[in-house]
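S.K.: Residue-level listing of the chains:
Number of protein chains: 2
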Amino acid sequence: MRKVAGSIERWDVFELSLKGPSEGNPFVDVMLEVEFRYQHRTVTVKGFYDGEGIYKIRFMPDVEGEWTYVIRSNSEQLDGEMGRFTCIPASPENKGPVRIQDATTFVYEDGSPYTPIGTTCYVWAHQKEQIQKETLRTLKNSPFNKIRMCVFPKRYSFNENEPEYFPFQGNREKGFDLTRFNPAYFNHLEERILELQLLGIEADLILFHPYDKGHWGFDQMDPETDAFYLKYIIARLSAYRNVWWSLANEFDFMKAKTMNHWDQLFRIVVDNDPYHHLRSIHNGTRMYDYTQLTLYDHHKPWVTHVSLQHWDLAQMHHWIKLYNKPVIIDECGYEGNLPDRWGNLTPEDMVERFWAGFMRGGYVGHGETYLNPNDIIWWSKGGKLVGESLERITFLQNILEDIPAKAGLIEAFYDVPTIGIKGEYYLQYFGTHRPAYRKISLPEDGNFNIDIIDTWNMTISNLEGSYSGITRIDLPGKPYTAIRVQQAI
Amino acid sequence: MRKVAGSIERWDVFELSLKGPSEGNPFVDVMLEVEFRYQHRTVTVKGFYDGEGIYKIRFMPDVEGEWTYVIRSNSEQLDGEMGRFTCIPASPENKGPVRIQDATTFVYEDGSPYTPIGTTCYVWAHQKEQIQKETLRTLKNSPFNKIRMCVFPKRYSFNENEPEYFPFQGNREKGFDLTRFNPAYFNHLEERILELQLLGIEADLILFHPYDKGHWGFDQMDPETDAFYLKYIIARLSAYRNVWWSLANEFDFMKAKTMNHWDQLFRIVVDNDPYHHLRSIHNGTRMYDYTQLTLYDHHKPWVTHVSLQHWDLAQMHHWIKLYNKPVIIDECGYEGNLPDRWGNLTPEDMVERFWAGFMRGGYVGHGETYLNPNDIIWWSKGGKLVGESLERITFLQNILEDIPAKAGLIEAFYDVPTIGIKGEYYLQYFGTHRPAYRKISLPEDGNFNIDIIDTWNMTISNLEGSYSGITRIDLPGKPYTAIRVQQAI
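Quick note, the sequences are listed as chains A and B, same order. Its first residue numbered 1, the first sequence is counted upward by one per residue in this note's numbering. Its first residue numbered 1, the second sequence is counted upward by one per residue in this note's numbering.
Calculated directly from the structure, the hints in this document are not laboratory data. Keep in mind that the hints are not guaranteed to be accurate.
It does not matter which identical chain is meant; a pair holds if it fits inside one copy or across any two.
To be verified - No farther apart than 30 Å at their CA atoms in a straight line, the calculated lysine-lysine pairs in the DSSO-like style are these: (1) K255 x K422; (2) K439 x K384; (3) K321 x K300; (4) K439 x K255; (5) K321 x K56; (6) K384 x K128; (7) K439 x K174; (8) K422 x K213; (9) K213 x K439; (10) K213 x K300; (11) K384 x K133; (12) K255 x K56; (13) K406 x K422; (14) K325 x K231; (15) K300 x K325; (16) K95 x K406; (17) K19 x K478; (18) K95 x K300.
The model shown is predicted, which means the values in this text are computed figures rather than measured ones.
Model the full assembly from the supplied sequences, consistent with the hints where possible.
M.R.: Rendered as structure tokens:
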């Protein structure tokens, strides 16, 4: 029995690298599986071929202590090896994968709170090295702790450069061999995901997308190839704790796939990912449908949270009720000035949508789409952020962090979204509305402190005095105002 | 056979006034019906008691020529009288009642176009005489050709004055006799409706509303009294061509009534109104419901058009598709600064909502709710308009009037609402979005004229030159912009 050098942190990647056969097509021919055992528990994990005769197995242990393993393969060279390793406590910055806590909250597996503040850079990992580095620097100085990104390259307006790597061997001119992966592509992607992990950012990986239309053909592979690809990427990536699976972006634009196909693809993810990373699917223009027949049904049990494209954040609490799962509107439009509707929000509107969604118990995603002389536009390629919403989102994040843990949406305030604890704490947001004043009923024996928050100018003005009973709060009469009422200390 | 002096215009009111019994309770005891005949057609119309021994019959003839009538009554004094009159052509300003033309358009019965631009003054007819006069002056100088107004008085925030008249005899202190109407109340209301008619304004009469909560009790009458009241008001008012029936405002706030009640009340209107004036019903907070089970189902055949409260005008074309009837969002919020969500839109937002709805093939209603030292707030009591949206709505109305009759929503422009005729005319509105430019594909052999419209500043800037083929239109990069592209003359 082999003892692996060193020990592995809980939720880190335990990796075995093995020499094996390289003849034939190892991606197809070689079955490789490992049974990891901790006391009475067995977790079966699939290995993968990494090229040049090297096979790898990656495993994310979730319990501290002694683990053993045994390798099973149809290759004699690989079959039968056994070993053991020790899983040690996680270091402080390693909080484990993100899980669903309840209908409105996410949480790290170690119990630490996680509030997704996401952005979108679809194919940042497909750009030139220097731009990728710049993207990581930008992310480091941002409030974002989640990023939506694609596995496959993207061909779309403002995105016409060919990528350096492809997931399959071959090239566009001669054709791709859809039975052989390109390990260089995946090694590169894995480095990027680890770099995100170091920045505390979850990689919301988009497994399929329509922005190809036959240019490379990855949007139109047959169901067997889709399955083959999914199993491979899951074997490679599922041991990375900061991975989420987004089955597709704008799934409804992929005309070749039916709802049954999507169900089937979800099933493959469920069956092959031993860690149950978060799973969802994102819609395109089927964002509004009273019958819901054309939306992917997020009620399905394998969907862990709702990932929607929609512009109207005022509906957030209805969606949460409808699905009884956390709701992320990861696309509500992007700050910028592109000719297309989704890409020309004012920064005021981007910030308003964030507040409107978060203040109703949901989550909202960011993107930036300013015309750029070299077409380096954040939403697709990363690079720099030049917009005005960014710092306001950080301001919002700070306000959110100060909300007491027990607070939630108070539905009794039906006309203004209000997060709070009745009689103790209220954060109330007026959005584009601009009342001259607002009355609030506080406990008669209270001693409350009132802040007027200007969410655009990022100011918090404390009203003189302390308050109790029915209190009339005079407001500045302009949009983007919030009030915060809390017991004085 | 009696020949009535003079002759009656088509769609005007032919009125008979008769002496009859005044003992007992004539409102309940006396049945009075008149059969009006034109050639082979018979229209049966109910008369009503107008107090002091006077009975009246009102009739709106819809065909020019000789009409005869015969009176039927259980009172010997009234029964059996016959007569005739001549219906002459309508004068130019009399276009008849408004009808539904198709899923998106209204039309006067004479075929003239009618585009509802409505406002709301719930109880303007219940205010002091001087305020009512001021309201009429304000309306005269406004773009409005429809007004939402209540039959019953209203008790609500900023509305605590008692009205002069009540529809029933009695008063709040001693109680109302719900078996006896107050003719003075109805005479007054009728004068107001005629004054609106002279201004070319449709009276969208709200038959029931919840803003009473037992103060007078008109929101909680039993079904028999509801029916008794409906039949009376229909007998009095249905001959006025500018009347629409709105079964209720915020029907869902009237907890004592079920959906079956509302169906029943619609049925009474259908059965008693011989002219089939437009009919709808307006919701309160049940404005968003994926299942639609709590919305009144506007698909029902007796609902002529959809009257909704909703804030999100971007959904307009979906509602039109859903119901296949004209859709009026007669409450999307009001320009003002009240503490309540529905009453504190900026004027920019009010104007944006108008454009957003009209540009998607629907109709939007106005209201104004600025705090006023005497609580004379337009939305409820009328008076003066002080807001900034009014003149912009007139500007929009002028733009709408210039749209060619054949134009309609062009769905191919899925991301920006566009009214037009393919290859001939385009009016495209960007709303709160602010693209740096927009491309439009014009016929290669065209000779097009392009206007940039600033819907807020009310300017129309014509671009130099004429255009054809794929045309890039540089835009000012700010919200509330529209473009108009039309063939040069």
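S.K.: If a hint holds in the structure, say so; if it does not, say that too.
M.R.: Status of each hint after checking the structure:
In this assembly of identical chains, K255 and K422 lie within 30 Å of each other by CA distance solely across copies; the values are 26 Å between and 48 Å within a copy. For the identical chains of this complex, K439 and K384 are inter-copy neighbours only, at 27 Å across copies versus 43 Å inside a copy, given an alpha-carbon limit of 30 Å. Proximity of K321 and K300 under a CA criterion of 30 Å is satisfied in both settings, with 15 Å inside one chain copy and 28 Å between copies. In the homo-oligomer, the alpha carbons of K439 and K255 lie at most 30 Å apart only across protomers (26 Å), although the nearest pairing inside one protomer, at 52 Å, exceeds that limit.
In this homomeric assembly, K321 and K56 never come within 30 Å of each other (Cα to Cα): the closest approach is 43 Å inside a single copy and 55 Å across copies. In this assembly of identical chains, the alpha carbons of K384 and K128 lie at most 30 Å apart only when taken from the same copy (14 Å versus 63 Å across copies). For the homomeric pair K439 and K174, neither the shortest alpha-carbon distance inside one copy (70 Å) nor that between copies (35 Å) is at most 30 Å. When the C-alpha separation of K422 and K213 is checked against a cutoff of 30 Å, the pair qualifies only between copies, where the shortest distance is 27 Å, while the shortest distance within a copy is 52 Å.
For a Cα distance limit of 30 Å, the shortest separation of K213 from K439 across copies, 22 Å, qualifies, whereas the shortest one inside one copy, 55 Å, does not. When the C-alpha separation of K213 and K300 is checked against a cutoff of 30 Å, the pair qualifies only within one copy, where the shortest distance is 28 Å, while the shortest distance between copies is 43 Å. When the C-alpha separation of K384 and K133 is checked against a cutoff of 30 Å, the pair qualifies only within one copy, where the shortest distance is 10 Å, while the shortest distance between copies is 61 Å. When the C-alpha separation of K255 and K56 is checked against a cutoff of 30 Å, the pair qualifies neither within a copy, at 35 Å, nor between copies, at 66 Å.
For the homomeric pair K406 and K422, the shortest alpha-carbon distance inside one copy (10 Å) is at most 30 Å, but the shortest distance between copies (56 Å) is not. Within a single copy, K325 and K231 get their C-alpha atoms as close as 27 Å, which meets the 30 Å cut-off; across copies the closest is 50 Å, which misses it. Taking the closest pair of Cα atoms, K300 and K325 come within 30 Å of each other only inside a single copy of the chain (11 Å); across copies the shortest separation is 34 Å, beyond that limit. When the C-alpha separation of K95 and K406 is checked against a cutoff of 30 Å, the pair qualifies only within one copy, where the shortest distance is 21 Å, while the shortest distance between copies is 62 Å.
Proximity of K19 and K478 under a CA criterion of 30 Å is satisfied in neither setting, with 68 Å inside one chain copy and 61 Å between copies. Within a single copy, K95 and K300 get their C-alpha atoms as close as 28 Å, which meets the 30 Å cut-off; across copies the closest is 56 Å, which misses it.
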